[in-house]
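Following the hints, complete the assembly by docking chain B onto the known chain A.
There are 2 protein chains.
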Amino acid sequence: MTETLGGTGEFGLIEAVTKGLPRGEDVLVGPGDDAAVVAVPDGRMVITTDLLIEGRHFRQDWSSAYDVGRKAAAQNLADIVAMGARPTSLVTGFGAPADLPTSWAVELNQGIADEAELLGVSIVGGDVVQSDKVVVSVTAFGSLDGRAPVLRSGARPGDEVAFVGRLGWAEAGVAVLNRGFRSPRTVVDAHRRPQPPYAEGPRAAISGASSMCDVSDGLIADLRHIADASAVVIDIRSQALAIPEPLQAVAAATGVEALTFVLGGGDDHALVATFEPADVPDGWTVIGSVAEGNENLPPGTVTVDGAAYTGAPGHAHFG
Amino acid sequence: MTETLGGTGEFGLIEAVTKGLPRGEDVLVGPGDDAAVVAVPDGRMVITTDLLIEGRHFRQDWSSAYDVGRKAAAQNLADIVAMGARPTSLVTGFGAPADLPTSWAVELNQGIADEAELLGVSIVGGDVVQSDKVVVSVTAFGSLDGRAPVLRSGARPGDEVAFVGRLGWAEAGVAVLNRGFRSPRTVVDAHRRPQPPYAEGPRAAISGASSMCDVSDGLIADLRHIADASAVVIDIRSQALAIPEPLQAVAAATGVEALTFVLGGGDDHALVATFEPADVPDGWTVIGSVAEGNENLPPGTVTVDGAAYTGAPGHAHFG
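Chains as they are written, first to last, in our numbering: chain A, 1 to 319; chain B, 320 to 638.
Heads up, none of these hints are tricks.
Residues on chain A that point at chain B, a partial pick, calculated with CB under 10 Å: (1) Thr4; (2) Thr48; (3) Glu54; (4) Ser89; (5) Pro97; (6) Val124; (7) Gly126.
Coverage of chain A stretches by chain B, computed from C-beta distances (three or more under 8 Å per stretch; other residues unrestricted): (8) 9–19; (9) 24–38; (10) 142–149.
Source of the hints: derived by calculation from the structure; they are not laboratory data. Only a predicted model underlies this, so the values are computations on that prediction, with no experimental measurement involved. Glycine included, C-beta positions come from ideal geometry on N, C-alpha and C.
Next up, chain A with everything else stripped away, as it sits in the complex (with noise of 0.2 Å):
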């Protein structure tokens, strides 16, 4: 018989996913006290949250346990490489219904636990809770190593966009997987476990970008907040962003534009920046422009070739 969450037990579940984590040396309390206590050299810490709720962000028919945890991790650590910052550790939270298996529940772990390390972050604590459809919560945190934090609010006209990462494929993959397909199998896999540019982070913000953000609600629908954070326009030239061939196979496929993919796909958390003309890192790729608002072009206005985007606005909830 399967063991469920019924039989483990709330501490048994804690016991099972907390041992052999591996600890940074900055993890001066880890799991199993009221509280972690973490070592924060540079005096200022970097905090990112985010809920991901079963039959929304996930589905269990779509996506394995581990690959569910994998993401959870990454869209955290996405937002903390954001700020141009270096991910130190993390938290979660855990819902989950008593007949869940618990090897779900230690595969999802898992799924967090190895994306962390991929950066070195170590798991410093944690909540298990029963609920009737899985929740995961995940809060990161970061160091700046004494640099500034990178903003949304620091466009400045005359600033050139740049990105680097995927765009559009992890919304190819739903699409795909809507109709009931399980290829081309790089977009799927793109949806399941996305792969943020995480090195890039740091790297912008050494190179001295002027604003960041990670693309998670759709690249039109980021660059729209650090222009409104900005006060300042952003045009998009559409013939600089390459359509790679999955996206042009899925479009195809379903009869989408693979523009709107790219333009309004959130979830593959890119890194989006503006930088000097001159300090554009090697390995991104420039789209476009920032100027000041006009009459005609209020502040907060992001254009595709100079008109108005009509296409898919990127993705909010209760929309």
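Positioned in the frame of chain A, the structure of chain B alone reads:
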């Protein structure tokens, strides 16, 4: 017509709940970017996280949104003070269905903000997602202000066991609500809105507490965590536990022995700690003592009046 989250939208709700939030001077970057940045002058950050699930931790017919917010913040802030630390900031996650009245979400957040403000704690970030049931996550942070953290593992034979705060009130409140009643009001309110003795955590640390935790699972269950982590035996003297009048009334009305509420009831977030006899702070009640384990009473055992406790064991999820 009542405005719902479906109409307000994710970004509308974020704006509604973040505007006007007080921001402490240690908040370097507040809500609205990929991540927050908080000053940590002490160089060590105390971190705790909890998930609250509708139907498990609260019921909308028993608690107002405002009360759920107060409680969500309180249970995390209690974990911070139980380390001997001073709470400084917190982040929240909020999941809810699209048909939830927007006012419910705003009042929940007001409850979190008001509980936080009691201690000068800043809300520095959060996440808002769609979900079938209401889910609230809180991750709270604290500063040790140069002190060592008070762990569960420091109890030593010869120490006295003392507590401060309420024991069993919230559990008696649940017993009343479960029977469809709304009084005695004091115990129902204790369930809805715990009042942890926040100031006593740092005070106990300064007084030399050798171990400490907050009572969230129940006095016996939480003392077992201390006895386990410290490899000692703890004995509680039931005579030392005065039964407050409202608990006697609930006991008489429900036929439950009053001591069961006191020994097994969680969620009041009293603090229980061990001290050398001379170090017990004024206002704390000595209720027992710490001894070495032996053949009959192995380390990790908690007894009441020298005998194994056979009443309610305290709360555990999936139990």
